[in-house]
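Novice: If you want the building blocks of each chain, they are given just below.
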Amino acid sequence: MRYIVGVDIGGTFTDCVVLDRAAASGVVVRIGKALSTPPDFQTGFVDALGAAADMHGAALPDMLGDARIYHGCTVGTNALVENKVARVGLLATRGHTDTIFHMRAGARLKWMPSHYIAHVARQTKPAPLVPKHLCAAIDERITFDGAVLVELNEDQARAAIRRLIDEGVDAIAISLVWSTANPAHEQRLRELVREVAPAMFVSISSEVSARTGEYERTIATIVNSLIGPPMRSYLDALGGDLAAHGYRGDLQIMSCTGGLIDADHAAALPVLTIGSGPVAGLIGAANLARAAQPGGTSNVVTADIGGTTLDIGTIYQARPLRRPTASHGQYEYFVPTLDVRSVGSGGGSIIRAAEGVLKVGPESAGARPGPICFGRGGREPTVTDAAAVLGYLDPDYFFGGRLKLDRDAAERALAALGAQFGMDGRQTAAAAMRIVNSQMADAIWLTLTQQGYDPRDFILYGFGGGGGVHAAAIARELGMAKAVIPLSDLAAGWSAFGITASDALIALSDAVSMASPFDAAPINAHWRSLEQRVTDRLVAQGVPADAIRLSHHAELRYALQVNQVPIEVEGGVYDAAAVARMVTTFEREYERLYGKGAGYAAAGFQLTSLEVRGTAALADVDMAAIGAGEAGDAATPKGHREVHGRSGTVLTAIYDGARLPPGHGVAGPAILEFPDTTVVVDERSSVGIVAGSVVIDLNPIKDA
Amino acid sequence: MATTATDFEKQWNGRVQSYRPGPGWKRRIAPGVTMHTEALDAIDPVDFEVIRQKLWTINIAHGDTITRISGSPVLATLDFNMSILTEDAEVVLNAPYVQFLNAGAPLGIRYILENYGDRPGIDDGDIYCCNDPWIAACHQMDVMFAAPVFIDGKLFGWVANAGHQYDLGGIVPGGWPQNAEDVYSDPVVLPPFKLVAKGEMRKDLEALYLRQSRLPDMVALDLRAQIAGVVFARDQVRELCTRFGAATVKAAMRAMLDQAQANFRRKLALIPDGVWSETRYVDEPLPGIRNAQRTQLTVTKRGDRLKIDNAGTDAQTLGTNGIPYCTWSGSITGIISISMLFEQLFAYGGSERQIDYDPTPGTLTCVNHPGATSGGILHAVTMMNAVQAILSRMMATAPEIKGDLVAPTADFALPVLVGTNDRDQFFGQAILDSFACGSGARSFGDGVDTSGPTYSPLSMILNVEQLEQWYPMVYLYRKDDADSGGAGKWRGGNGLRTAITPYRARSMSIVTNTGGQGATTQNGQGLFGGLPSPAGHYRIRRGTDLTAWFGRGALPGDIADLDADETINLSGKSNGTDLGTGDVFEVRIGGGGGYGDPIERDAPLVARDFGLGAISAAALGDVYGVVLDEHGGVDAAATDARRQAMRDARARWPHTPWDGHNGAPVPATGEAPRLVHEYVQAADRGGERVLECANCGERLSAYDQSFKTGTLYVEEKVTALPGAPDPAQFLDDAMVLRRYCCPGCKTQIAAEIARGDEGIFPEMRLIPPEG
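Chains as they are written, first to last, in this note's numbering: chain H, 2 to 705; chain A, 2 to 772.
This is chain H alone, in the form it adopts within the complex:
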């Protein structure tokens, strides 16, 4: 294949990154952007493909005829947010159908912003994902040890299924207590549904997310069923459109687990596609950190700065951190995902005064009406307006000149707001910029602290629309040595790029409940079964069996403590010695995360999960080849402009980023402009291009 195509559909833009592997100068990358076109996202998809083909100077059918397409889709997320989802019926163990309404009480607020948690009179629960009359109680019960306490009452179950179908459900979610210990009843229920309605979309919890904890597993299963039918129709429509434009390959879909799955798998488990865009960005960053190490380390925090949110990811020793849950509003659900945390801070965050204090966000002007300077009806000043007023952004060269910024309007609004503090427009802009940078840095600091890391051991990768503007300031605030804008202008389409850099990945786990001393026999049985299932699925995805790499993972905790720690363990046949090595690995990792003496071993250990991940390279993109692709030749500024800061106005050199030669160092203050990315470098920093990426050396002073 000549072209590797990554398409990431976001709320506003559809980004399409196309790698041409047969270009004369190595691998050449181009970004095509088009407006997203909900609800028929496939239209924007094809538009973005066309834009990218143009930039490569190729006709679309020619490009597609020699391409492999990898896709990150937001269809599931969008269906949930817009509530354009299937009508779902739930089958749950009698006595436990109200679990989804309880939402584990205050646990639903865990990831909500602090001001929402504090104002108890305004708290509420969201509308139920399945209305009460579509929740059917099933007579059956499995216990924690997998024993059948009550047999599945099939007559009663058939009647319940028929009632739901009569109520007009489009999809069914099945989630029984302890199905992770024994999935027989869930599987039989699915058969019973198929007897009555063979085409019905059905999810069972033991397959959607086999983790102990019925609430989060049930929500995952329901979410999967809610977006199953819309996802299936989208993928069908997209397949048709792509075929019409000459694409003959199969479609690989990005998953939040951190790799690509085939379209059939995505259609069956669409819950895996939610959040896959930010995850792809993290994968791209991890690959770059591993292969090229711009900035000199593979410990990286990623800051994906968009219009409404900052997405934070952590890469430790070139591996992105994972977590077992994700959230849809107040609904938390189990899904194996990379750990990406969103906070409400971005270019669209609104600057306002409250109680005599200047505040930024969390309210956002979003894409519509957007910042004042976009001239689309925005009336409240935003962070992007502040960036324009401060001179960070060239009003005539924003988005490569495609959007002209009204800087005066932005300055007038900021001046009006700042008057009560005795500040003019520029001072207000500088103040807001300082607050938002500090806010973003605090969110990253808290994330790393919660994960058990010290930010000063990391460098920052800034990408997304605002990555270049904020990265250096955030990294400085965090005491980091360097900030990197990965692959320079590609940072603006980083998620789409990350998709092209992803491997095929299938991760399957079994929830277990074993107390030490552990018996090797059941562990081996789980390993062999998981290995078989993972391999089968990857082969079905089109991966040759001999290209699959398997890795084995376990989760353990101390018997009397709650922290479950995931560890990578050996494969093969386990004996007592291998079991002992697993426990030792766990203890070592526990100590690294929580400190010496934090674990209480005397009461023994508990094994809670076994997981096998299978990966196989698909596109096999060489990061180093991309970086070396196009060398610049202009080491001198293309011009100068006034940039305003806390210490006054400074005439700042503006460089054409794409034309800076590799390795050439530039002293700050400076601004590097690329068509889609602007990089701000303060007076204490220096900047250069390393392996195709912008690397800012912050020269941190050794004090705080």
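Hints listed in this document are in silico derivations from the structure and should not be mistaken for laboratory results. Cβ atoms here follow ideal geometry from the backbone N, Cα and C, with glycine treated the same way. Be a bit skeptical, because a hint or two may be false.
[To be verified] Per label pair, the in silico range of CB-to-CB distance: (1) D124(A) to A602(H): 31 to 41 Å; (2) K155(A) to Q318(H): 54 to 64 Å; (3) L211(A) to R320(H): 48 to 58 Å; (4) R647(H) to E39(A): 16 to 26 Å.
Dock chain A against the given chain H, drawing on the hints supplied.
Specialist: Below, chain A without anything else, positioned relative to chain H:
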């Protein structure tokens, strides 16, 4: 109070009476302690916002450090809180966990400053520890750790946390002895001691501390975690000072306090002057004693100040119904935090500058040593509910803040399971499903079903699968409970019912602990004619046919569906009832109080609630007066007729025994009419300022009298509440429900539960402008 500062300090010194810092407490700090008081006169607003955010983030990370390192299931349910304080122990920040839990920090730190400033002294690197309820703990199980923050040799501020321990001795494992006659049966009491001196853990004191516990290894882990928490927070605050300058950070802290104070004052100024009072009862001083004891809380608001007292509260007795001053005052600030200072994100310190506490010592809500205190901690919820009822009534007088009020939530029901599993492992753990109680109704909408407690927004319940992994039982159900929220124009959020049966257990017994009257009489109070939420229960059905159900592939949807040899309700305090194979146990967990007259509730909402199973048929017809047609929709004509009949029935209620109409008139003020209650307004009528019904204009009383004087009322059995148990099964005191209506339009404008021998509660007495 007439006592001089010296008398005050002699009496409130933490030995018999609780410690309270006297007016001149700062003069008593040893000269060797150098306070850091420098602060910029004016702080740059941007610096302020940046530092405020960083302090908030540090405080949250402090808590995360504790849960991460401890790994304790107790601390994982967030049964702790942490704060950042100034050098003189004003609370700059608290966190959204159990609100009263760290109320001891400002008290304990001031005690340390007053008593230990010279010897053993307060030095950089020190950490003090304390669980003395007469000084700094809400009960002995919530242990406080406090670390001073020094900048350049001066005491800049403090960081502190308090967290619940597994066990610290006493006659019952776990530290909730319901049969403790006095403190000598309670867990050990430790006044403040310097556990870490200049960065070095005192090994002798650590050993002494751990020696008190049945689970010393587990307590040692939590000790390390709590110490790591304060060390982390202390170092971060110090780094912040290095970066921004200590005087700048101090200025930001002072500004946060000032902002909270100003916000609180601004809101108090919206409320007319007056006296609000609430009476609540606590059952069974010791298991099996069939009496309820009385507590009273009174808030007097004048201008921008509050005086808060507990006059009318019963004297303390043997048993576990007492709470110390620390818990009482912490209950007050906790509810102020969530009701009136949410904009400050739990930075409640500044509000205390506007409060004068006037507790009577030796009473149930301000117990003296050596009263038992550990088992009574659940009464803190009862006290918070009293505060919440009072604050809600105050806030309802001001449209700007009326939307922020919430009716009281449920009292806390805490069953504990103790026994061994079939692998002979001991277990002993509370079922904390009360953390999914319903919340009270609001002025604009219903309470939230199974929301969890208002006073601890993040508290959560665990998954059934998690619990069944840890304890030998099967959850038969955990289901929404109809009628458990109080009825009203806006109804209280419903609670839930949980039923279990032993599975692979060798033995199991149930111990019960309950706050207030949660197992006999009521849960959350209603507001403005909204009804209280009914009491819950602990019910055992012995010798059931459960096995036969299982055998035929069926599960009971309710334990009432089973055949059983015997049905037992346990009292709120009981010390161990066996549960065997085939026996089932159900705990019923309450909802929140209702708001406004139930027959004002929009009839389609009532029909919807009935359709969803949120209310019973009895509530539908008898409380809400709604009649449905054959399709389940509202039969409007029949509903109107029914509601009119209910009003007609109210017209036959007698007048209250008071004769408020003849009270001395309060002169007219010339002000416009204003609402002082959902249904009552103050207005000038004929040269007089009166309280009148806002719906129909009927005169209820003079301005400074209780509006209840002019109402009609009825006194009924508590079982008139749909789904309410009969208090007489556990109490010899007659408990009654009283409802009050306007004699004009018959709107139900108040409802209360009282002991039968009590007079009518005045609820609110406004103070005329001239005083």
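Novice: Hint by hint, work out which the structure violates, then give me just those numbers in ascending order.
Specialist: Hints 2 and 3 are the ones this structure does not satisfy, whereas the remaining hints hold.
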